[in-house]
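Asker: Take these sequences, add in the hints, and give me the full structure.
2 protein chains.
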Amino acid sequence: MTRGDLPPAGTATLFQLLRDGRPRTRADLAAETGLSRSTVAERIDTLLGSGLLRFTDKASSTGGRPPTMFAFNPAARVVLAADIGATHAKLAVTDLAGTVLVEQDKKLDIADGPEVVLREVCKRGRELLTRADRTSDDLLGVGIGLPGPVEHQSGKPANPPIMPGWDGFDVPAFVRGELGAVTLVDNDVNIMALGEYRGHWSEYAHMIFVKVATGIGSGLISYGRLHRGSQGAAGDLGHVRVPHDTEVLCRCGNVGCLEAVASGAAIAAKLTELGVPAASSGDVVTLARNGSVPALHQIRQAGRDIGEVLATAVSLFNPSVLAVGGALSQAGEHLIAGVREAVYQRSLPLATQNLRIVQSASGDEAGVSGAAFMVIDHALAPDQVASLLSR
Amino acid sequence: MTRGDLPPAGTATLFQLLRDGRPRTRADLAAETGLSRSTVAERIDTLLGSGLLRFTDKASSTGGRPPTMFAFNPAARVVLAADIGATHAKLAVTDLAGTVLVEQDKKLDIADGPEVVLREVCKRGRELLTRADRTSDDLLGVGIGLPGPVEHQSGKPANPPIMPGWDGFDVPAFVRGELGAVTLVDNDVNIMALGEYRGHWSEYAHMIFVKVATGIGSGLISYGRLHRGSQGAAGDLGHVRVPHDTEVLCRCGNVGCLEAVASGAAIAAKLTELGVPAASSGDVVTLARNGSVPALHQIRQAGRDIGEVLATAVSLFNPSVLAVGGALSQAGEHLIAGVREAVYQRSLPLATQNLRIVQSASGDEAGVSGAAFMVIDHALAPDQVASLLSR
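In order, the protein sequences belong to chains A and B. Reading the first sequence from the start, the letters are residues 2 to 392 in the numbering used here. Reading the second sequence from the start, the letters are residues 2 to 392 in the numbering used here.
It should be emphasised that the hints constitute simulated quantities derived from the structure, not laboratory data. Mixed in with the good hints there might be a few duds.
The list cannot tell twin chains apart, which means a pair is met if one copy fits it or any two copies do.
[Said to hold, decoys possible] Derived lysine to any residue pairs resembling SDA-like cross-links, with alpha carbons at most 25 Å apart:
| hint | residue 1 | residue 2 |
| --- | --- | --- |
| 1 | 157 | 356 |
| 2 | 157 | 206 |
| 3 | 157 | 204 |
| 4 | 157 | 354 |
| 5 | 157 | 321 |
| 6 | 107 | 135 |
| 7 | 157 | 350 |
| 8 | 157 | 357 |
| 9 | 91 | 200 |
Answerer: Structural data, given as structure tokens:
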């Protein structure tokens with residue numbers, strides 16, 4: 002973007018101040034920024050014109066005409082958020098505060114490939130926009146989570162193991178072609194971590210979110226920001242070696258990987274071996290809810306194995322919150338109990354002093370919520386606001 | 002701080018722009034900030050008065066009097082940086098770009114307690130200031146690294162194992178009393194990580210720095226910022242369990258801690274057991290440099306053990322750079338070779354694709370350099386500049 006495309010200097014500064022939601026007068030804004038009253042007035046007009054600001058109740062005044070106040074307008078645009086899994090997707094339309102306006106669950110098969118899956122997602126997205134009384138012109142952007150590694154900068158899947166046909170596919174270009182909106186993509190665990198954090202724990206600086214389902218992965222928050230790592234691969238705990246002797250072979254080719262020992266798929270396989278047939282994470286959860294002792298025992302042990310790896314993560318990262326989500330976390334307290342046992346035994350006292358180990362509070366909405374925040378944080382950042390004003 | 006103590010709005014904005022070192026005219030600054038020419042002129046005068054800005058060469062012009070240009074002035078203030086170890090300290094005075102102006106090494110005993118040690122550090126600090134032709138009035142602040150856990154917010158050591166008398170001691174208050182300057186404190190590994198990063202790797206977003214000496218610890222950089230964690234305990238890898246069977250008892254009370262297996266102290270103990278007497282990390286390094294095969298063998302194995310734990314750290318954090326420093330890294334390539342072996346074997350291919358595993362480039366200056374940057378980053382931040390202008 003060249004200087005010529007940017008809005009007049011000071012506009013972004015004003016908007017960032019107002020994003021906290023607190024209404025302000027022109028005089029407040031001049032005092033806070035050092036911009037002249039006339040410059041503030043001009044920039045406010047631009048922002049009002051874009052819909053990003055709205056008038057609010059008049060300020061109380063000691064006499065005369067009360068001054069006009071302005072505030073951030075979360076209804077100015079909407080976000081389409083899609084949390085795409087291996088066999089189903091959750092879609093939602095949210096406002097600019099991340100509040101879900103309408104949502105829908107949809108079965109699909111990720112193995113149908115990117116064009117079939119994304120075309121269906123876009124079609125359902127348009128329907129949702131209509132249900133919310135909006136059109137694709139109102140889109141701030143589209144946020145998508147995928148069940149595999151994604152190079153976040155380009156939005157392209159990077160060697161995803163369970164997504165045939167998706168490797169290197171330009172997801173943002175395809176979705177932009179369908180809906181005409183900026184599209185951001187990340188792996189499902191990162192968007193779940195972001196959704197869980199922003200929805201429930203944003204008063205804390207550092208969090209680790211762990212998803213335990215068919216696979217195992219985690220997302221890290223450092224100083225309120227998703228730590229993606231240099232290849233976007235941060236949080237990949239599934240193939241860390243568990244710190245006790247095991248010869249279990251993992252699909253990745255190594256032995257003793259956490260995922261081969263403690264994932265939903267691994268527990269289902271073990272239970273089947275023990276004469277308690279289970280084909281999926283879902284079966285394991287059902288068995289646990291029905292009080293199957295072997296299932297509860299295996300889940301507890303999986304919690305301990307995961308906890309042993311998380312103990313290292315806690316010592317390294319020293320989070321305030323360790324949130325456990327994913328299908329298996331729905332099996333009751335047994336998984337978390339195992340995690341707590343191992344983390345408290347193996348982490349340093351200082352690192353666990355104020356640590357909260359909790360079940361994910363946002364449940365299955367974490368993904369779409371995080372996908373929406375990913376778009377909002379990006380598109381309303383100071384260097385991006387320009388494109389909203391030039392429309 | 003109340004609104005009344007703040008400098009006129011816009012001053013901090015102008016200063017943050019100029020911190021990149023690039024000279025600008027008043028007209029440049031008005032265009033970049035949206036502030037009026039007269040506001041810019043006033044704020045620039047304030048900043049010139051404080052010494053934080055200086056005049057530079059005139060801009061070239063197509064005719065008439067060329068406009069005046071201004072730039073950040075790194076000589077405006079100095080920082081006193083102290084990297085305090087168990088048995089010695091390194092002190093330096095730097096400018097606001099972190100460049101070391103003068104430095105000194107000094108033997109001391111941390112066990113003499115905080116008052117004796119810090120009084121000596123302040124005395125030597127004053128001497129260094131004199132050598133640099135400055136006084137304590139020129140101090141932007143004092144940065145101190147200590148060989149144990151520190152609660153960074155308060156600057157107080159938190160249950161440091163090898164620092165009798167230091168627990169909870171108000172280091173910043175004591176030093177401020179001696180030198181009259183803002184004082185920031187952190188553990189030695191964090192400041193080494195910061196110094197190594199800012200000095201050599203700041204074009205990368207994420208780094209892990211590991212110190213291997215008498216103990217083992219690490220410091221994490223996320224998006225260019227030191228990730229301290231919620232108790233300031235992030236990076237504490239010394240008491241992570243190594244992922245293979247071992248019954249070695251650690252001084253912390255657990256078994257199989259990395260530090261009990263692979264630190265300089267652990268290697269010295271093993272060598273002594275094998276009939277090759279060694280009392281310290283230094284002895285181990287000397288033996289290795291003299292070609293002692295048992296020493297080289299033990300160092301290589303320590304590298305592998307450290308690498309097994311770092312493999313988890315790499316999978317979790319996905320850094321671009323993994324820098325190995327501390328006394329034992331001076332023993333040649335054997336330590337790093339062991340680290341590389343284990344990390345490449347156990348980390349995910351995606352996470353090691355572009356990973357650089359390197360020996361620390363800043364050597365024994367990492368600590369003072371990082372301590373200086375800790376102070377500079379804090380004191381020149383937008384919310385802090387005020388106090389420099391009101392002097």
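Asker: Decide, hint by hint, whether the structure agrees.
Answerer: Each hint, compared with the structure:
Proximity of residue 157 and residue 356 under a CA criterion of 25 Å is satisfied inter-copy only: 20 Å between copies versus 35 Å inside one chain copy. Within a single copy, residue 157 and residue 206 get their C-alpha atoms only as close as 29 Å, which misses the 25 Å cut-off; across copies the closest is 20 Å, which meets it. In this assembly of identical chains, the alpha carbons of residue 157 and residue 204 lie at most 25 Å apart only when taken from different copies (24 Å versus 32 Å within one copy). Only between protomers do residue 157 and residue 354 lie at most 25 Å apart by alpha-carbon distance; the minimum there is 17 Å, versus 40 Å within a single protomer.
Proximity of residue 157 to residue 321 under the C-alpha cut-off of 25 Å is restricted to the inter-copy arrangement: shortest distance 20 Å between copies versus 32 Å within a copy. Taking identical chains as interchangeable, the C-alpha atoms of residue 107 and residue 135 lie at most 25 Å apart only when both belong to the same chain, with a minimum of 21 Å there against 70 Å between chains. For a Cα distance limit of 25 Å, the shortest separation of residue 157 from residue 350 across copies, 17 Å, qualifies, whereas the shortest one inside one copy, 41 Å, does not. Taking the shortest Cα distances, residue 157 and residue 357 sit within 25 Å of each other only across copies (24 Å), while inside one copy they are farther apart (34 Å).
Proximity of residue 91 and residue 200 under a CA criterion of 25 Å is satisfied intra-copy only: 17 Å inside one chain copy versus 46 Å between copies.
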